[in-house]
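Colleague: Here are the chains, one letter per residue:
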Amino acid sequence: MTATNNRSIQIRGLTKEYKKGVPVLNGIDLDIPGDGITAIIGPSGTGKSTLIRCINRLIDPTSGQILFQGQDLAQLSGVPLREARRRIGMIFQEYNLVERLTVMENVLTGRLGYVSAFKAWLRKFPQEDIDEAFALLDAVGLGNFVNQRADGLSGGQRQRVGIARAIMQRPEILLADEPTSSLDPKTSVEIMEIMADMAGCRNIPVIVNIHNVALAKRFCQRMIGMTGGRVVFNGSPAELTDDHLKEIYGGEDWLE
Amino acid sequence: MNATMNRRWDRFTPEQRFLRFAFYFLSVAAMVFSLKNIEIIPEFLYDAPEQLADFFQRMWPMDTAYYQKSVQAALIETLNIATLGTLLSLAMSIPVGIVAARNVVPIKSLNMLAQLILVSSRSVNTLVWALLFIAIFGPGAMAGTMAIAFRSIGFVGKLLGEALEEAHRGPIDALTATGASKASVFIKGYWPQVMPSFVSIALFRWDINVRESAVLGLVGAGGIGMAMDTAMNLFRWDQVAVVLSTIFVVVIIAEIVVSAIRRRII
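Heads up: the protein sequence lines correspond to chains A and B, in order. Residue 1 is where the first sequence starts when you use my numbering, and the numbers rise one by one after that. Residue 257 is where the second sequence starts when you use my numbering, and the numbers rise one by one after that.
Honestly, I wouldn't trust all of these hints.
[Claimed, not checked] Cβ-Cβ distance ranges computed for the label pairs, FRET-style:
1. Q328/B with N147/A: 45 to 51 Å
2. Q75/A with V455/B: 39 to 45 Å
3. H424/B with K186/A: 58 to 64 Å
4. R467/B with S154/A: 34 to 40 Å
5. D60/A with D266/B: 28 to 34 Å
6. K186/A with I517/B: 48 to 54 Å
7. K364/B with S154/A: 37 to 43 Å
8. D60/A with L366/B: 48 to 54 Å
9. Q75/A with R273/B: 54 to 60 Å
10. L366/B with S8/A: 37 to 43 Å
11. K325/B with F118/A: 49 to 55 Å
12. H424/B with A214/A: 27 to 33 Å
13. S181/A with F277/B: 55 to 61 Å
[As the list claims (entries may be wrong)] In the BS3-like style, the derived pairs of lysine-lysine whose C-alpha atoms are separated by at most 25 Å in a straight line are:
14. K124/A with K438/B
15. K438/B with K119/A
16. K19/A with K364/B
No lab work stands behind these hints: they were computed from the structure. For every residue, glycine included, the Cβ atom is placed at its ideal position computed from N, Cα and C.
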């Protein structure tokens with residue numbers, strides 16, 4: 001239990017203003033459990049992506065705390081920030097692979113927090129990292145694409161590489177920012193399955209922004225509904241009713 | 257009448273239309289003004305074809321023996337100046353170009369310093385750089401090489417900096433999120449994205465430098481221009497013709513080589 005418990009995140013009074021006086025996140029208080037998959041749903045522009053990016057500090061919050069393993073992530077900078085980031089994997093909507101590098105090189109970039117820049121430049125990664133990368137690529141079904149360049153892959157294949165790269169970090173928590181929004185429905189389910197499997201068997205809690213409520217209900221143990229920069233729902237998928245959805249997204253015609 | 261009919265649509269506001277008109281008007285006015293200002297002497301214009309024919313007559317037949325005697329050695333020196341100068345400028349312009357890119361180095365004062373270096377390198381003509389370095393190193397290929405290198409920093413550095421600023425943000429975010437150091441993010445995130453442009457820029461600059469180093473000899477900075485200068489001072493137009501044809505052929509070969517390499521790499 002302790003192994004998973006300390007992977008939880010407590011967010012306190014988190015506010016982000018891109019323009020002064022116009023908060024995108026408006027004092028978020030949230031406890032994210034240290035196991036299972038937590039979905040964040042809500043309309044576009046409501047700050048879901050900003051919230052996730054505040055956790056690994058791709059975006060700097062204006063104020064508030066993000067507590068993870070006894071550290072306030074919001075206050076970190078320099079080397080402590082890099083060391084915290086190493087423990088947080090991330091999967092992106094647009095995959096964000098380095099297009100001109102091969103599949104293998106992209107997966108190995110997951111180890112850049114541990115390998116020196118000079119060794120990375122010479123492509124001298126430790127053998128155990130290479131073994132693990134091969135194993136991960138086999139697991140996501142890309143064992144035959146090792147030396148193919150990322151710009152030659154389909155969207156689904158790219159996202160598999162993205163997942164392998166994130167798992168390659170051996171993260172203690174996984175963030176996923178709309179991981180399936182650029183994919184077709186069938187591939188979306190496959191990607192969610194791979195992500196859930198990979199994280200599940202390694203006890204990595206996942207926080208995922210997702211537009212597709214049905215997909216969220218199918219894969220997630222917990223759902224957080226946001227609207228206007230605030231959390232308006234926090235509970236299990238079974239507790240999420242149409243009334244909640246109306247509150248989160250506004251209107252009701254689309255529910256029919 | 258239907259309210260949806262005859263709706264007015266204007267691409268530009270009246271102010272925009274006025275500004276556009278003013279722009280065209282000023283352009284034409286500037287051209288007319290310039291034509292009046294340069295004081296073309298009509299007599300010189302009338303007998304230009306005659307002069308041109310005379311010129312070519314003096315160039316032909318070419319003194320082909322001059323190639324073996326002086327041009328070949330000078331040509332090799334020119335290529336050396338161009339190539340060494342380009343390599344030297346690459347080494348110096350990579351750090352300056354990186355510092356000039358505002359997304360890679362988000363420190364305003366450093367960006368401005370790098371821009372200043374790039375602008376000063378570009379604002380001085382290669383021939384002027386050559387005169388400066390002749391004062392330091394004396395006449396010859398050394399001064400020419402340095403002149404080529406210093407003029408190229410601005411070109412290569414500016415284009416490298418711009419390529420870096422156009423790099424996609426996504427992969428950079430992804431690598432930053434792994435906890436990679438700035439150096440690692442640069443090597444694995446930025447560099448693969450700008451590498452093809454960088455090779456292109458370097459080859460293009462080498463191509464330009466072959467042409468520029470051909471002229472450097474006119475101010476005494478070595479290379480094939482020296483041979484041309486000597487021939488011109490002696491009014492040996494048949495020898496000047498040999499030099500000009502050599503430069504022409506070399507420039508075409510350089511162009512072919514550069515485009516072949518560029519096609520391979522991208």
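Colleague: Now, for every hint given, state plainly whether the structure supports it.
Modeller: Verification of the supplied hints:
no.	hint	in the structure
1	Q328/B with N147/A: 45 to 51 Å	holds (46 Å)
2	Q75/A with V455/B: 39 to 45 Å	holds (43 Å)
3	H424/B with K186/A: 58 to 64 Å	violated (27 Å)
4	R467/B with S154/A: 34 to 40 Å	violated (45 Å)
5	D60/A with D266/B: 28 to 34 Å	violated (44 Å)
6	K186/A with I517/B: 48 to 54 Å	violated (44 Å)
7	K364/B with S154/A: 37 to 43 Å	holds (41 Å)
8	D60/A with L366/B: 48 to 54 Å	violated (21 Å)
9	Q75/A with R273/B: 54 to 60 Å	holds (55 Å)
10	L366/B with S8/A: 37 to 43 Å	holds (41 Å)
11	K325/B with F118/A: 49 to 55 Å	holds (52 Å)
12	H424/B with A214/A: 27 to 33 Å	holds (32 Å)
13	S181/A with F277/B: 55 to 61 Å	violated (47 Å)
14	K124/A with K438/B	holds (18 Å)
15	K438/B with K119/A	holds (14 Å)
16	K19/A with K364/B	holds (21 Å)
Comparing the model with each numbered hint stated earlier shows that hints 3, 4, 5, 6, 8 and 13 do not hold.
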